[in-house]
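Peer 1: Hints in hand, dock the two standalone chains.
Residue numbers (our numbering), protein chains in the order written: chain S, 1 to 320; chain E, 1001 to 1193.
Misleading hints may appear alongside valid ones.
Listing some non-contacts, in silico: residues in chain E with all C-beta distances to chain S over 12 Å [said to hold, decoys possible]:
id	residue
1	Leu1045
2	Leu1053
3	Ile1074
4	Phe1076
5	Val1120
6	Leu1133
7	Arg1154
8	Asp1158
9	Asp1161
10	Val1174
11	Ser1180
12	Leu1189
Calculated from the model, a selection of chain E residues having no Cβ within reach of chain S, i.e. all distances over 12 Å [unchecked claim]:
id	residue
13	Ile1123
14	Asn1128
15	Ile1130
16	Leu1179
Straight line, CA to CA, 25 Å or less: simulated DMTMM-like cross-link-like pairs of lysine to aspartate or glutamate [what the hints assert, rightly or not]:
id	chain 1	residue 1	chain 2	residue 2
17	S	Lys188	S	Glu204
18	S	Lys32	E	Glu1088
19	S	Lys206	S	Asp266
20	E	Lys1093	S	Glu29
21	S	Lys189	S	Asp240
22	E	Lys1093	S	Asp63
23	S	Lys122	E	Glu1088
24	E	Lys1033	S	Asp240
Simulated from the structure, these hints should not be mistaken for lab results.
Treat the numbers as computed from the prediction; the structure is a model and nothing was measured.
A virtual CB, placed ideally from N, CA and C, is assigned to each residue, including glycine.
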Amino acid sequence: MVTALSVLCGVGLVMAVLLAVGRKAFAVEVDKKLELLMKIMPGANCGGCGFPGCSGYARALADGKAEPTACPPGGPTLAEEIGKILGIEVEASEPMVALVSCAGGNDASPKRSQYSGIEDCKAAHAIAGGPKSCVYGCMGLGSCIHVCSFGAIYKTANGLVRVDPEKCTGCKKCVETCPRNIIKMVPKKADVHVLCNNPQKAKEVKAVCSVGCTGCKLCVKQSKAIEVTDALAVVNYRADTKISDTAALACPQNAIFDSRQYSITDWLENPATKEAFKKRAADWKAEEKKRKAEAKAKAGAKKDAAEKKEAANGDKEGDA
Amino acid sequence: MDILVIVLLAMLTENFVLSKFLGICPFLGVSKKIGTAAGMAMAVLFVMLVASLLTFALHTYVLVPLEVTYLQTIVFILVIASTVQLTEMAIQKLSPSLYEALGIFLPLITTNCAVLGLAVLNIDKGYNLIQVLFNSIGAAGGFAIALLLFAGLREKMDTADIPDVFKGAAIAFVTAGILSLAFMGFSGLAPAN
Chain S
1 MVTALSVLCG VGLVMAVLLA VGRKAFAVEV DKKLELLMKI MPGANCGGCG
51 FPGCSGYARA LADGKAEPTA CPPGGPTLAE EIGKILGIEV EASEPMVALV
101 SCAGGNDASP KRSQYSGIED CKAAHAIAGG PKSCVYGCMG LGSCIHVCSF
151 GAIYKTANGL VRVDPEKCTG CKKCVETCPR NIIKMVPKKA DVHVLCNNPQ
201 KAKEVKAVCS VGCTGCKLCV KQSKAIEVTD ALAVVNYRAD TKISDTAALA
251 CPQNAIFDSR QYSITDWLEN PATKEAFKKR AADWKAEEKK RKAEAKAKAG
301 AKKDAAEKKE AANGDKEGDA
Chain E
1001 MDILVIVLLA MLTENFVLSK FLGICPFLGV SKKIGTAAGM AMAVLFVMLV
1051 ASLLTFALHT YVLVPLEVTY LQTIVFILVI ASTVQLTEMA IQKLSPSLYE
1101 ALGIFLPLIT TNCAVLGLAV LNIDKGYNLI QVLFNSIGAA GGFAIALLLF
1151 AGLREKMDTA DIPDVFKGAA IAFVTAGILS LAFMGFSGLA PAN
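Next comes chain E alone, as it looks inside the complex (with noise of 0.2 Å):
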């Protein structure tokens, strides 16, 4: 298949967040400021990309010659939190300002669905390392997208009059349904096969 269909793909009409619904509780919970959502999203990224290119090392070089696939989800699992783990030392000795900003969401990649969900889809899918690393970019874009999307709308609802019965989370879902609602529109770029 073609990369730039994958990237689409992923970014666009499956969207993680908008489409496949994972990766609800960083959207929702990291989406306040447009800043901290982008940091949100680079950690996303580099822990997308180090994961899927891992697990899909794992599962082609280990597990497919073994023949226990069926661990696959339990040694993915492992692999991801130790790289979230890693990811984790390494911004807070890098940039402590993010690593503050984050707070409880960096640890929370750990147990991300989106990281796994893109772990097992790439395998499920049967693709070539070169397409693993195109899909986790272009997942990872997707998680972007949605996020900082998400994050501008809510800075914006900050200054706006809504009931208070609407306010903070309430409001927040509302407009995540909304959004999801939009990038159904998406679903016609996907290709017909």
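Okay, chain S solo, but in the shape it has when bound (with noise of 0.2 Å):
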């Protein structure tokens, strides 16, 4: 007992002291800056930065290589504080959120085929594509949600998934690993999403989803800032007009969502908000047909007035 204890102890005491002076012999200068940046990083290690986590970017951000605004956790907090350690002016970057462009949940877009496989969207899509019946529409199977550090993805009643915006730190894992390309960053502050992913034409859509974007453009009428390209209306976040509250109205598909008329998952998935937009969406195009109608028909009379002039003319001209 005691031989054991002395044996090991005795062991324990060289190598403390050898490591001591491997210390000493060894010691390496570490820049101050690089200690007090990693004392602040968020320490999320999600990899949003592009370096190999929180201290590979501390790194990089000591010897220049890296953006103060890198870090998507971190966010302009920490954009300030890293300018104040390493003495620069940082300008504030507009925050980016991840969106899953796509609404047609179970009720919209069913299911073609059963999937027994395992919970994973890559694996699902390889096989015939997915048992959606929409190609480019969310599986909800959460790829993303296991990949989401931060538990901002959640799943809904109707089979879809969700970013919780305010959750949402903007690090893109979830983007790069949809095989589907289904979810995009966008600009937190925005307020109105074509809500579909689906570039195909009217018809092939209109087969798959009851929620899909036709290309009809009727939404491009309404506001400059949404483009439509391959059949497929994108906002356009870049564009300083603000979009109206018509383009949403205006959609015949009921694709484009406007948070500032409904909440995200009121409008996914309460019947009564969708009947009541429903109801909204087609008083507003009964009142357009009328107003379209009648400007239609002023015009008419303007013109009929105008020729019945020109007519009158005539006759004078004929007259003399």
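Peer 2: Structure representation (structure tokens):
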């Protein structure tokens, strides 16, 4: 017993002395700035900055190889602190959040087959394009949920996933992992989104989903900040123009979501909200039709009047 | 036993990674680039040499005379962990770029079963000092061969058209398995005794 203890303690002591000597002999000077930077890192190691973890980013910052604004979880507050340590001016960047651009839940875009494989979008997508009838839509298996370090993504009752913009730090991990590229980065303050990812023509889209964008361009008439490419409307988030709330009302497919009018949960899952919106949209469309008809009638009347006038003039000339 | 046989045995037939399945963690973790793999192999070679000599000396001159050989595992771990720490400090001072490249896997040699396995095997086989030395070189060489072969394969795989579901760790594990099967072919090299 005593021998065993003394052997263990002896060996430990010798090693400790060796390590202490080694620490002195191989002492490496660590940058003061690096130490300070390491302390203020969020420590999520999400890789959103493009460097290997928080320590990699801190090192790149200390070497002047990284921008202080590159850390999505830290945001502007962290950028400011980094600026203080490095002694540089920092410009605030606009916070971006992830958005799942699909609203076709099980009710709108039903499953075309039974999938009982592993709960992973990539695996499901690899098997004949997945169980969802729309091959561009969200399967809701939640690969993005697994990669999110911040618990910002959740499943909805109708078989989709949603990103909570309050929890999202904009690290883009979900964007990279989604096999269908449904998740997109959008400015946090943007309030109108086209919730569809299907670039196919109207007939194909309508065959697989009741809320898919058909590329009809009716929304483009309401706002210049919406563009249609490949029969899919896309919001141009860089445009300065504010999107009027009539854009959502004008969409015949109800594929445009306006967060100023409804919350995303209500919009996707509450049937009452859906009905209310449909009624509003129908009312608006009817009004628009009426207004157009009136405008046309007015224009027609004007034209008639002008023609009459011209005819009268002609008569006069004839008389003369 | 002939020294050449010991080296060949440790390197090929009883390859630590591919036959004994020791040290799988760095084998899969640091095999993405040949350069880093070579650095890791050198670090392991150094640690294995120092650790097995130290543990051998400790065993022969301390544990056996004092009749406390049951302390083998704990004492060996103590020695190996300290050796790795020393190596880490030395590499950080002498070659910062290698330190950077090895990253987390350098401290992980501390818990690398290949090093402890070698130390224990040396004692179990009853080798003398010279044999221990060459067994360590052979084992580290075997580790290096496995690591470099695998790193080479993985570099090629980076440019290959691999199905999405297999990309990354999945195809690496499959490849490691096939490589291990291939190394079974060396078993005929072992002397009959």
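Peer 1: Does each hint hold? Answer for all of them.
Peer 2: Hint check results:
1. Leu1045: 19 Å, holds
2. Leu1053: 14 Å, holds
3. Ile1074: 7 Å, violated
4. Phe1076: 10 Å, violated
5. Val1120: 16 Å, holds
6. Leu1133: At about 21 Å from chain S, Leu1133 of chain E clears the 12 Å cut-off, so the statement holds.
7. Arg1154: For Arg1154 of chain E, whose nearest Cβ neighbour in chain S is about 18 Å away, the distance exceeds 12 Å, so it holds.
8. Asp1158: 17 Å, holds
9. Asp1161: 14 Å, holds
10. Val1174: Holds: least Cβ distance 16 Å, greater than 12 Å.
11. Ser1180: Nearest chain S Cβ is 26 Å from Ser1180 of chain E, so the label holds.
12. Leu1189: 38 Å, holds
13. Ile1123: For Ile1123 of chain E, whose nearest Cβ neighbour in chain S is about 16 Å away, the distance exceeds 12 Å, so it holds.
14. Asn1128: 22 Å, holds
15. Ile1130: 24 Å, holds
16. Leu1179: Consistent with the label, Leu1179 of chain E stays out of reach of chain S, its closest Cβ about 26 Å off (over 12 Å).
17. S:Lys188 x S:Glu204: With a Cα-Cα distance of about 32 Å, the restraint between Lys188 of chain S and Glu204 of chain S is violated, given a limit of 25 Å.
18. S:Lys32 x E:Glu1088: Roughly 21 Å separates the two Cα atoms, so the pair holds.
19. S:Lys206 x S:Asp266: 23 Å, holds
20. E:Lys1093 x S:Glu29: 9 Å, holds
21. S:Lys189 x S:Asp240: Roughly 12 Å between the alpha carbons, so the hint for Lys189 of chain S and Asp240 of chain S holds.
22. E:Lys1093 x S:Asp63: 19 Å, holds
23. S:Lys122 x E:Glu1088: Distance ~40 Å between Lys122 of chain S and Glu1088 of chain E Cα, so the pair is violated.
24. E:Lys1033 x S:Asp240: Violated, at about 46 Å.
Hint violations for this structure: numbers 3, 4, 17, 23 and 24, all remaining hints satisfied.
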